[in-house]
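Enquirer: Go by the hints and put chain B onto chain A.
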Amino acid sequence: MSVAIKSAIDDGVIEELRAIMGDDDRVLPNISARVNRTRVPAPFPVHRWAEYMPDVAVLPRTAEEVSEVVKLANRMRIPVVPRAGGTGLSDGAVPLRGGICVDVKLMNAIGEIDLVDRTVTVGPGINMLKLNEALRPHGVFYPDDPASYPCSLVGGRIGTGGWSLLGARFGHTRDLVVSMQVVLPTGEIAQIGDGGGRKLRKSSTGLTLKQLFTGHQGTLGITTEATLELFPRPEVEFSAFFAFDDYMKAHRTTGALTRSGLATLAGVVLFDEWKLRYLRRDDEAYIPQPESVRAVVAVALYGTRAEVEPASGRVMEIGRADGGRYLGDEISQGDWASRHDRYATPLHGRSLDGQAVPMSWHCEDAALNYSVLPQVREEWHAIVARYRERYGVFDDWGMFAYTNAAHKPWGDYLVEIDVGIWEQRLDDETWAAWVRCKREIAEVSLSHGGSITACHGATRAGDAELVPTEMGSAWPVVLAIKRALDPNNIMNPGKQCLDEAYR
Amino acid sequence: MSIFRLGDQRPPEPQRIDDDVVMRFEHVYEVDPEKMRTFPQQDMPAWDTHRIVAARWDHLDWMHDHFADAVLPAGLESETMPTEEEQ
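Sequences listed follow chains A and B, in order.
The opening residue of the first sequence carries number 1 in my numbering; numbering runs sequentially from there.
The opening residue of the second sequence carries number 1001 in my numbering; numbering runs sequentially from there.
Here chain A stands alone, though its shape is the one from the complex:
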């Protein structure tokens, strides 16, 4: 079967793209435009940058332009990689075979704000922070809140199937998208939702397609418009951080908070001992804390004052019931606010001799059940310690566990281990070592009944090759869907082992 191969782009293709866009400034074959659309913030094999560059970037303004670009690519068997904010942590927007980068940043219009049926319709290039600034005068907000809140874009959130810090209360991206318009890999434009309604949250007509087009990492199409959920803007926020001298006390308190039944509970975060050691070394809020602070539980409530005020008292009771000590208003409020914007944090780690060196942030995530968190943490840290000791370019920055299920915070967690990587020292040997390290971490997740990613996507080497294993008996279904929708494998080829659909 014929499938897309690395770059069939020549001057003729560039001219066709210019004819489609009708504007030479929105077709960018120049080196700087391509270099800047190569990597994402996750640590990257910088010594092999050229291997991951697109051959040309385009900046469409309409779904029709996207459709024509994709039809051209499908006809010519040219890879297409959609890119929104480029803030993902798992290389979803990184081209593996060159081709056309469809950058949706100019598709950033806010359309209808429907305060009666409670939706807002936007282009995929809008950022949540900017959207909420426009929504605020109407007393509503869109609560999708990743650590990249000020810089990620709605289209990327849909493509990634992202997780939200406030998801326990309001839901995650897939719960917050009511419907969307998608350009399919063959160029047709389809309206995807529940049944046929653009603003319906629940329908039993036909097949439920919305989930299929959320979290596919750009392998099934390009979202060109989205109709999103609107919530009443919260009157108040309450956040509280509790310190523990023992991880298991913090683990039990996390479970108790998630089972509290408090409807305004937006999220609970568990910091482990390695995270506290890192913070006490390098974070101004925790540097002065005594050694007895070995684990932390953070919790936040959002809603009306009438709901949140009494609930905050209950949170204080639960947080202190098993030896928790309140960290004070300043840390509770300041640290919680910083969780909306982790990308603003300058990063450095430690070399083996203790020197501070610039490091990039790798956030390896998984979805894991509550019961296995203590054991997984031991196994993950042991893996990273082994690679740090051997190669000297990695640093263990500790683990967080965040409530993961929308509206049901008790069962499973987005679990991450943050690893600093000294990118400037990467070469083929150390990059290969890092991929092995990632794979070992992912294998631990699978061995404990988890998923190799809750949020970022399984599109990086080290994760991607395990997708068929995790999908198990559903893997042939996945391949059949990919082959049916994308007969020439043009959409983000090479990701998640989906090339197997064409063998």
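Everything labelled a hint here was simulated from the structure, so no lab data went into it.
Predicted model, so just to flag it, every value in this text is computed and none were measured.
Incorrect hints may have been included.
Unchecked claim - A few chain A residues facing chain B, derived, Cβ under 8 angstroms:
1) 235
2) 243
3) 326
What the hints assert, rightly or not - Here chain A is said to cover these stretches of chain B; the calculated rule only asks that three of the stretch's residues, wherever they fall, bring their Cβ under 8 angstroms from a Cβ of chain A:
4) 1021-1034
5) 1055-1064
6) 1068-1079
Claimed, not checked - Ranges of calculated distance between the beta carbons of each label pair, as one might list FRET restraints:
7) A/15 to B/1055: 43 to 51 angstroms
8) A/110 to B/1073: 50 to 58 angstroms
9) A/110 to B/1036: 41 to 49 angstroms
10) B/1024 to A/472: 29 to 37 angstroms
11) A/115 to B/1050: 15 to 23 angstroms
12) A/449 to B/1050: 47 to 55 angstroms
13) B/1082 to A/472: 50 to 58 angstroms
14) B/1082 to A/473: 55 to 63 angstroms
15) B/1050 to A/355: 42 to 50 angstroms
16) A/206 to B/1055: 17 to 25 angstroms
17) B/1050 to A/348: 46 to 54 angstroms
18) A/292 to B/1049: 26 to 34 angstroms
Think of the CB as a built atom: it goes at the ideal place given N, C-alpha and C, for glycine as much as any other residue.
Expert: Chain B alone, transformed into the frame defined by chain A:
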């Protein structure tokens, strides 16, 4: 060439906090300069340090404001830090 634009804004000598950290201004921490030999610490005038710290608090207030009309405090001090009487 010195980057100091205000010579009299040279920061005070650091006070050691622990094995990894020193402090020149209250609650403003720095990596121990001895641990910055591979990548030497740049000179920072005092005004620039104060500007960065203030901007950080402005940023956090601005973030709060995006998500709710008001922040409800527990109204309690830290239970992990020694009180002034204990210090």
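Enquirer: With reference to the structure, classify each hint as holding or not holding.
Expert: Verification of the hints:
1. A distance limit of 8 angstroms between C-beta atoms decides the matter here; for residue 235 of chain A the minimum to chain B is near 5 angstroms, and the interface restraint holds.
2. Residue-level restraint check for residue 243 of chain A holds (minimum Cβ-Cβ distance to chain B is 5 angstroms; threshold 8 angstroms).
3. Interface hint status for residue 326 of chain A: upheld, as the beta-carbon distance to the closest one in chain B is roughly 5 angstroms, under 8 angstroms.
4. Given a C-beta distance limit of less than 8 angstroms, the hint that chain A covers the region 1021-1034 of chain B holds, as 5 residues qualify and 3 suffice.
5. With 6 residues having a Cβ less than 8 angstroms from any Cβ of chain A, the region 1055-1064 of chain B passes the three-residue criterion, so the hint holds.
6. Interface restraint, the region 1068-1079 of chain B with chain A: holds (12 residues with C-beta to C-beta distance below 8 angstroms; minimum three).
7. The beta-carbon spacing between residue 15 of chain A and residue 1055 of chain B, approximately 47 angstroms, falls within the hinted interval of 43 to 51 angstroms.
8. A hinted range of 50 to 58 angstroms is violated for the C-beta pair residue 110 of chain A and residue 1073 of chain B, which are about 33 angstroms apart.
9. Taking the beta carbon of each, residue 110 of chain A and residue 1036 of chain B are about 45 angstroms apart, inside 41 to 49 angstroms as hinted.
10. In this structure the hint that residue 1024 of chain B and residue 472 of chain A lie 29 to 37 angstroms apart at CB is violated, the actual value being about 57 angstroms.
11. Checked against the hint of 15 to 23 angstroms, the pair residue 115 of chain A and residue 1050 of chain B fails, with Cβ atoms roughly 44 angstroms apart.
12. Checking the proposed 47 to 55 angstroms range against residue 449 of chain A and residue 1050 of chain B shows it holds: the Cβ atoms sit about 51 angstroms from each other.
13. Hint check: residue 1082 of chain B to residue 472 of chain A, Cβ distance near 54 angstroms, so the stated range 50 to 58 angstroms holds.
14. In this structure the hint that residue 1082 of chain B and residue 473 of chain A lie 55 to 63 angstroms apart at CB holds, the actual value being about 58 angstroms.
15. The hinted range of 42 to 50 angstroms is not satisfied by residue 1050 of chain B and residue 355 of chain A, whose Cβ atoms lie roughly 27 angstroms apart.
16. For the pair residue 206 of chain A and residue 1055 of chain B, the supplied restraint of 17 to 25 angstroms is violated, since their beta-carbon distance comes to about 52 angstroms.
17. In this structure, residue 1050 of chain B and residue 348 of chain A break the distance hint of 46 to 54 angstroms, their C-beta atoms being roughly 22 angstroms apart.
18. Residue 292 of chain A and residue 1049 of chain B have their C-beta atoms about 30 angstroms apart, which keeps the hinted 26 to 34 angstroms range intact.
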